[in-house]
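J.: Throw the hints in and build the complete structure from the sequences for me.
2 protein chains.
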Amino acid sequence: MKKISERFKKFQYFYPYTVAIVGAQSENLLNYMACAWHTALSFDPPLFGILISKKRFTHKVISEAREFTANFISAEKVKLSAQLGRRSGYEMDKVKEFQVRLSPAKLINSPVIEEAYASFECKVVDFRAYGDHDLFVGEVLAIHEEQKAFSEEGVLNPAQVRPLLYLGSDFYITINPDSLKHVLPE
Amino acid sequence: MKKISERFKKFQYFYPYTVAIVGAQSENLLNYMACAWHTALSFDPPLFGILISKKRFTHKVISEAREFTANFISAEKVKLSAQLGRRSGYEMDKVKEFQVRLSPAKLINSPVIEEAYASFECKVVDFRAYGDHDLFVGEVLAIHEEQKAFSEEGVLNPAQVRPLLYLGSDFYITINPDSLKHVLPE
Numbered sequence: 001m002k003k004i005s006e007r008f009k010k011f012q013y014f015y016p017y018t019v020a021i022v023g024a025q026s027e028n029l030l031n032y033m034a035c036a037w038h039t040a041l042s043f044d045p046p047l048f049g050i051l052i053s054k055k056r057f058t059h060k061v062i063s064e065a066r067e068f069t070a071n072f073i074s075a076e077k078v079k080l081s082a083q084l085g086r087r088s089g090y091e092m093d094k095v096k097e098f099q100v101r102l103s104p105a106k107l108i109n110s111p112v113i114e115e116a117y118a119s120f121e122c123k124v125v126d127f128r129a130y131g132d133h134d135l136f137v138g139e140v141l142a143i144h145e146e147q148k149a150f151s152e153e154g155v156l157n158p159a160q161v162r163p164l165l166y167l168g169s170d171f172y173i174t175i176n177p178d179s180l181k182h183v184l185p186e
Numbered sequence: 187m188k189k190i191s192e193r194f195k196k197f198q199y200f201y202p203y204t205v206a207i208v209g210a211q212s213e214n215l216l217n218y219m220a221c222a223w224h225t226a227l228s229f230d231p232p233l234f235g236i237l238i239s240k241k242r243f244t245h246k247v248i249s250e251a252r253e254f255t256a257n258f259i260s261a262e263k264v265k266l267s268a269q270l271g272r273r274s275g276y277e278m279d280k281v282k283e284f285q286v287r288l289s290p291a292k293l294i295n296s297p298v299i300e301e302a303y304a305s306f307e308c309k310v311v312d313f314r315a316y317g318d319h320d321l322f323v324g325e326v327l328a329i330h331e332e333q334k335a336f337s338e339e340g341v342l343n344p345a346q347v348r349p350l351l352y353l354g355s356d357f358y359i360t361i362n363p364d365s366l367k368h369v370l371p372e
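Residue numbers (this note's numbering), protein chains in the order written: chain U, 1 to 186; chain L, 187 to 372.
Keep in mind that the hints were calculated from the coordinates and are not lab data. All figures in this text were calculated on a predicted structure; none of them were measured in a lab. The beta carbon of each residue, even a glycine, is placed where N, CA and C say it ideally should be. A couple of the hints might just be wrong.
[What the hints assert, rightly or not] Simulated coverage check for chain U against chain L, where a stretch passes if three residues somewhere in it have a Cβ under 8 Å from a Cβ of chain L: (1) 47–57; (2) 69–82; (3) 156–166.
T.: Laid out in structure tokens, this is it:
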């Protein structure tokens with residue numbers, strides 16, 4: 001028996017989503033946050049979109065930098081996600097405070113997160129306001145990957161990496177590698 | 187040691203994403219497809235975006251209907267995802283062929299998928315082209331949920347439901363309920 005609601009307090013029925021640590025370096029600012037609202041938008045050109053509330057410091061930094069990195073982390077790094085997701089760059093220097101380790105990007109100015117198993121270097125090519133969040137669309141210029149984390153086809157290897165997934169309301173979960181299936185229609 | 191690529195054949199490093207069965211009923215057409223590119227866009231108003239290739243029959247149907255439903259299914263229904271994802275409504279009547287069970291929506295004309303543990307009824311409020319896909323933005327008017335599938339806060343209960351997650355290249359996986367954690371920054 002299903003319940004049908006026209007009013008819902010929390011809108012999180014679509015989770016789990018992978019956690020992307022997103023952020024940028026502008027001329028004077030550097031900041032990262034945990035972002036669970038994101039999606040690929042196009043294969044060719046490769047476009048990746050991230051949603052950021054106007055209230056976030058990262059919104060300001062990416063708006064200035066016109067670029068960002070999106071960094072995917074494993075379930076063991078859940079603390080980093082909670083720190084970067086629930087604290088604001090308006091209150092503190094999160095990179096310094098939480099000792100976030102950064103590596104230089106290849107084609108943009110904004111660093112990637114060293115602990116990520118995959119990172120995208122993105123140049124902002126479109127921006128659009130949707131309700132209480134804004135969509136930053138990045139063209140993916142380069143991808144960093146831990147080689148053991150992916151097959152040659154770029155499919156995540158669940159025997160090697162357990163991606164951090166967000167469930168809403170500060171709950172996190174990860175995958176069961178034994179549940180992997182390759183399924184084609186008959 | 188990480189590999190950095192500026193050219194990448196398959197762009198699927200951001201998976202796993204939940205599978206959403208999306209579709210609509212227009213005056214003369216009815217079709218659903220499996221969609222792995224989607225994201226929430228705003229809490230207030232509740233907006234949910236889905237990405238659909240211009241080549242898909244579902245693109246035509248949602249464009250005509252100006253509404254859609256997004257339906258989340260559990261890992262046991264993986265065959266339905268493969269059928270609706272890898273076959274086209276231009277070739278066959280997928281709803282009939284695969285005996286997809288539908289239920290009426292409350293506020294829109296397009297049915298929801300009966301087997302889903304959660305479904306959104308959406309009215310299209312924005313549309314935007316991004317490379318080889320188009321973003322349909324839906325205002326979520328109503329949510330159907332299997333009550334045991336979610337906590338009162340709307341957090342998925344992994345002891346009750348294993349959501350179907352897509353990994354790319356026809357690979358699927360689901361969550362490990364034992365890995366659930368509630369984590370706040372210290």
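J.: For this structure, which hints from the list above don't hold up?
T.: none
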